[in-house]
Amino acid sequence: MYDLVVIGAGMSGLMAAGAGARRQKKVLVVAKGQGALSLSSGCIDFNPGLLEREEGSPYFKVREVVEESFNFFKYLVKRCGLNYVGSPSEQTRIFTTLGTVKNSCLVPESMFLENPDSYERIIAVGFKGYFDFSPKMFLYYAKKSGIFPGLKETEEVYFEPGVRTVNTTWLAQALTRGELKEKLIAFLKPYARPKTLMVFPAVLGDLPEDRLFKEVEEVLGVKVVELPGGFPSVPGQRLHKALVSSLKEMGVNFLFNAEVIGYKKNLRQVTSIKIKESGGRVREISGKAFVLATGSFWGKGLRANTEEICEPIFQSKVYLPRNFAEDFNFLASGIYTDEYLRPIKELENLYGAGSILANSNYLKNNSGLGLALATGYKAGLLALGDGEVRRNA
Amino acid sequence: MKKLKTTVLIIGGGATGTGLLRDLALRGIDALLVEQKDIAHGASSRFHGLLHSGARYAVKDPNAARECIEENLILKKIAPTCVEETGGYFIELNSDDPAYTAKWLDGCQKAGIEVREVDPNHLKREYPLLTKEVKRVFEVPDGTVDGFRLCWANVWQAEEYGGRYLTYHQLEGFEKQHGRLTAAKLRSSLTGEEVFVEFEVAVNAAGAWAAEVAQLAGVKVNLLQNKGTLIAFNQRIFQKVFNRLRPPSDGDIWVPHHTITILGTTSVNVDNPEILRPTPEEITKLLEIGKELIPEVLELRMLRAFAGIRPLYLGEESNSQDSRSISRDFVIIDHEKNDGLKGLISLVGGKLTTYRLMAEKTGDYIGKLLGIDRKSKTSEIPLTPALAVEEKNRIARRYIVRAPKIEERLKGVTEEKQVLCECEGVTVAEIKEVARWEDTHNLEDLRRKTRLGMGTCQGLNCAHRGLGVAFTELLEKSQEPLEQLKEFLKNRYAGQKHLLWGEQLREAELLTGLYGCNFSLFGGTDDV
Amino acid sequence: MLKDISLETLNHCAKCSTCTANCPVAKVNPDFPGPKAVGPDWLRLSLNAETKVDYPEGIEYCSNCKNCEIACPSGVPVASLNQLTRAEKLKKKGFRLREKLFANPRLLGRIAVNFAGLVNFFTKIKIFRLIGKTLFGISENISFPAYAHKSFSRWFGSYRQKVNKPKNKVVYFPGCFTEYNKPEVGEALVKILNRLNYEVIVPEFKCCGQPAIGNGRLDTAQEFAHFNLSQLKKYVKDGTPVLFSCPSCLLTFKEEYGGLLGIEEAREFVPYFYEAGEFLRGLQEIDKLLECEPIEGKYAYHEPCHLKASGVGTPGLELLNEVAVNKIVPLDAGCCGLSGSYGLKAEKEPITEAIGQNLKKAIDRHAPEALVTECGMCGVQLNNVSGLPVYHPLELLAEKITKES
Ligand SMILES: Cc1cc2nc3c(=O)[nH]c(=O)nc-3n(C[C@H](O)[C@H](O)[C@H](O)COP(=O)(O)OP(=O)(O)OC[C@H]3O[C@@H](n4cnc5c(N)ncnc54)[C@H](O)[C@@H]3O)c2cc1C
Ligand SMILES: Cc1cc2nc3c(=O)[nH]c(=O)nc-3n(C[C@H](O)[C@H](O)[C@H](O)COP(=O)(O)OP(=O)(O)OC[C@H]3O[C@@H](n4cnc5c(N)ncnc54)[C@H](O)[C@@H]3O)c2cc1C
Ligand code: SF4
Ligand code: SF4
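Protein chains in written order, with our numbering: chain A, 1 to 393; chain B, 1 to 528; chain C, 1 to 405.
Just to be clear, a hint being listed does not mean it is correct.
[Claimed, not checked] Lysine to aspartate or glutamate pairs mimicking EDC-like chemistry, simulated, CA-CA at most 16 Å apart:
no., chain 1, residue 1, chain 2, residue 2
1, C, Lys-237, C, Glu-265
2, A, Lys-128, B, Glu-415
3, A, Lys-26, C, Glu-318
[To be verified] DEER-style ranges, computed between Cβ atoms:
no., chain 1, residue 1, chain 2, residue 2, range
4, A, Val-163, C, Gly-387, 46 to 56 Å
5, B, Pro-404, C, Lys-91, 36 to 46 Å
6, B, Lys-135, A, Glu-284, 32 to 42 Å
7, B, Leu-73, A, Glu-308, 45 to 55 Å
No wet-lab data here; the hints were simulated from the structure.
For each residue, glycine too, the CB sits at the ideal point set by N, CA and C.
Required output: the full structure, derived from the provided sequences and hints.
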């Protein structure tokens, strides 16, 4: 019997599990597949302005735990050697591989760009045979952005990894291994001068604890920045891995490759969930409280057929935005919850979190992972009956 | 203002216009084609992709049927890389009228369309998705045709024979002198530059826009604009064209088109050639009818829905509104005869399958007008080399006369061999080379020529990569590269948004997440 | 069968690359373009003659570790698809003797167990390993699992189960590794079950078939599957649970028989298949036994990929943590890289080694005294990279909870 059973291993589910683990509870996370988390840029988007939104919005419901949850998140990932910089109260600017500027709140240390005006040179490092990053395009837009007023020169350079085809997955791991790493550093050495910023696609190590960017910085005495880009997203994978590993170390149990397909209840409580595992075997898992953190359409928390949109596990009521297909409105779809993040009145120990919540249009609100982080954390606390949070809420 | 001169001005870069350009060029008649957007912007790409055997018209329109089978055979011979000889099935279901089958068989025989009956059990075994209601099956020489490829093949061959073309140039008006059109005013939709073209004869091959072009000349072409909606499925579900054996009706054809399959079409009259929006009713209808052949049609992954406009010629005066009964045969209107205006010919109607024939007839007519008596060579001179449908011929089949430049890049050990668009297997070499071409003006043009972004992911993985790989080349174009990317994505979404459920919706969210969040391409925060 | 797996792939794959990001082989081998490219991408293109290539390049490097499938957000059976394609490719190219040998560990095992000392000796000597490499393409550097001197079934045949009044019965499938290499695991399970008043039945079995699948010999695997299922039929009919101590065997019975191998009736057996730890954890009576003398020492746990794929979580770890003084550290270093006989092949050796690096890093970081994992072959690799002793959770548990008080 678990104190807390979390459905979904995205940002919101993992943060809910973290809240439980922090209080030494027996926690289980059940998930079928990775959701949006590991495909994200790894940057925790959040929009502080939205906290002032009216009651009923998911932002309002978490406003008092935002700071705490972000700090706890930083602690969690740091356990695995992954440092995040920033705070939920202020946005920071980072660049992407396309050369576009992205505003986010918490960013991996390797993407953080402080004092852009202090650089006179940018070296954009590409890889021969690697087509997910065009140094040329990046430099063109970086110059245009006006964010580097002190810029005097730029250069695009291409490192040759020496294999026939170069893909992100291979590159990220290969660069951290002895020989290639040495070669890369030796190759970059001639470009190392003061006031130089070196930018790379986000492939400098595939594991959370890989700190290749720091090594390059230290050896060459330049500033290094990683740029998030397309799929697969290495920083997204690092983030996912860091959270899962930390939670495992903290004693959270994981059940992967199992899909939750239903539940059982008594009068006012969910008593167990039904899961379908490999081979189609169905069994039940019981717990004292449950968090529904299954994401939106991509995560499969919401499903749409030609007729309707539903939340398939508990059949919670779903909000269907008007002009669904226009202007990315479909992202606002989601389940309604009460002030304690509970989607269904009759199920007192069920809580919802993350992008499955109604009105959590992460694109328009620029706060996908941030909201998932805070709502997940809070749902975890609430599910454990944390009195303090309730009083504040 | 730029000034140009030509003997024949062709307005419209669809199959008709490009076919005529080729026809005239092969005859040695000087011609210039102008197209408001990219080649095959209109119905010549927003169509079903069926190279008719004529069997569909066997009962109702024996004339059209005969023309189709003749042209079908000619195209297979002259343009083997633009068409695929898939063959097609006509399928009679238990609920269909057997009397129609008899009439149909008779019609096919009269039109000279070869028909062979096939064991339905064989078909059911090969395609487990197919309904159990299949009663009789007949094979006919249907094929498929790639509109983009065919139109470009026409253009490129014409170019070799001296034909000229301008894309992204819209006709805005004519100059008239003494009852004769003498010149046209064009405007570049990319740069806004004006171009003035003097000509002896102008040919209005503007498809669904033909009435508007005629109006610019102060004459009238009586057209019915009829919209057909189609749904593209993610995979090649069938290896042959699947037709229902019943009087031609909505939603009864499935056409395998490269990696995908297209189901269509509907038939709705509209009053503007720009109304290209499939409606929910049309989609529902298509899927309902699709269900009759594949009961689990809703389980199949779809990519997008799109629509094209058929211009149906109403003749001088007609109020007929039942569009399916109007013959799809084409007409050549000499406005001197109809309206007393010299120097303008309008070409309307027809099918893509018979585009060559239309061009030939029009070429003959123009030749007569100009007093140049030369025979059309379009059925003799091959348009593309005869290369089997095999992967090793992919580049040569797709890029035809321009293939050697790409093959050159792919020789030896080169990173340009790497596949950039993983859904459609498009290599880096193709992207880089095609981006260089003068007739490629943006990422969308690149897509149309290479199939970049036409597969499952609809640009998720390949659009940003393509932009980066060809950045140097795309920066030379008049449109800003990131704007090109945005337009690309917008157009992809325009097709996806009609099918926002199931996996299509998940894909749409993925695209939004990548470009909206990871790349912040759609601007930043929504200010509160 | 092929139709279903292909259709599911075509209908659900969104081309998100999550699978490739999680493929341990793609991470270290630039010649393997990853599950997405050899799976869904190739499949879709292969239906169109103009883009069809016979077989995807590099597919033979796939190790069927299932990480792609576990990670896929869309539920695509991408690993199964890749096994089918790979099997076809290998079949067309013709099997080497090596594939035939590895496909049926019983063949090797039966001989080896009788001459265990000799075989273990040979597999350790460089020159014989070199011969193995030249003749059969078998890796000369990776250490082979050692063979036991007495097979599990021989032990079991002579063991008198101590069950008071047998309340219940279970069937146990020991699998080749327990049978020939590490009978201690089976012995531990039998003893624990006896303490819980369960009588253990071990019918005659063939290999589960996973090595045959891994070596592209699907027909051999099917043959094994049919035999094994027929042996189980009468027990399953009575509702007798079937226990597995090897995660790969479990996964094969649960997932591959009905899925990849397309044996429809196998699905009916699935509800009766249990991972041994999972079964034990589900018993009320276990609680009392767990109040035993605690397990001391510092252990680190490796989660086998096939356990993860079975969707049962980590019950062995959970059980151990009930008894252990120090919480057992999860290594969480991903795939071990050996993937059954995969890692024993010469051309795969650098891959195996490279993947193993992550394990090594994690072990170094935690510096445990010994390692714990359910999978025998993972154990071989763990021992390879660390030199530390490796235990099955059942072994550690049995030591404590079967101690006569
Ligand atoms: C492509 C993409 C990129 C993005 N980039 C960013 C970014 O850079 N920054 C940012 O801040 N936001 C980004 N977002 C938004 C952000 O990722 C999401 O808002 C956030 O991850 C949602 O987290 P979640 O935990 O609610 O859902 P998810 O991360 O989607 O997790 C859902 C989990 O539930 C599991 N699940 C679902 N149904 C079941 C079931 N029945 N049984 C078992 N398990 C189930 C899934 O497998 C998955 O593990 C991006 C979104 C997308 C799609
Ligand atoms: C839904 C649908 C399905 C079809 N399916 C098939 C099929 O399966 N098989 C078949 O054989 N036929 C099919 N057809 C018919 C076939 O598509 C058309 O007959 C053929 O494409 C017509 O070509 P076109 O060149 O005449 O017209 P279009 O391709 O429409 O070309 C007209 C061009 O003129 C340009 N233009 C317009 N105004 C101007 C201007 N002012 N200045 C410059 N340029 C201008 C347009 O941009 C356009 O590119 C289908 C048609 C539709 C609508
Ligand atoms: S993870 Fe699944 S959906 Fe994504 S590319 Fe791989 S198989 Fe396709
Ligand atoms: S089964 Fe393992 S090795 Fe094979 S493609 Fe999937 S993740 Fe890679």
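- Message: The hint says 36 to 46 Å between B/Pro-404 and C/Lys-91; measuring C-beta to C-beta, is that right?
- Response: 38 Å, holds
- Measuring from beta carbon to beta carbon, are B/Leu-73 and A/Glu-308 in 45 to 55 Å? 50 Å, holds
- Message: Assuming the hint says 46 to 56 Å, is it satisfied by the Cβ distance from A/Val-163 to C/Gly-387 or not?
- Response: Violated, since A/Val-163 and C/Gly-387 (Cβ atoms, about 32 Å apart) do not stay within the stated range.
- Item | Distance restraint between A/Lys-128 and B/Glu-415, which requires alpha-carbon spacing of 16 Å or less | Holds, at roughly 8 Å.
- Item | Restraint check for A/Lys-26 with C/Glu-318, where alpha carbons must lie at most 16 Å apart | Roughly 10 Å between the alpha carbons, so the hint for A/Lys-26 and C/Glu-318 holds.
- For the pair we were handed, C/Lys-237 and C/Glu-265, check the Cα-Cα distance against 16 Å. 13 Å, holds
- Message: Does the beta carbon distance between B/Lys-135 and A/Glu-284 stay inside 32 to 42 Å, or does it fall outside?
- Response: 48 Å, violated
Checked against the numbered hints given earlier, this structure breaks hints 4 and 6; the rest are met.
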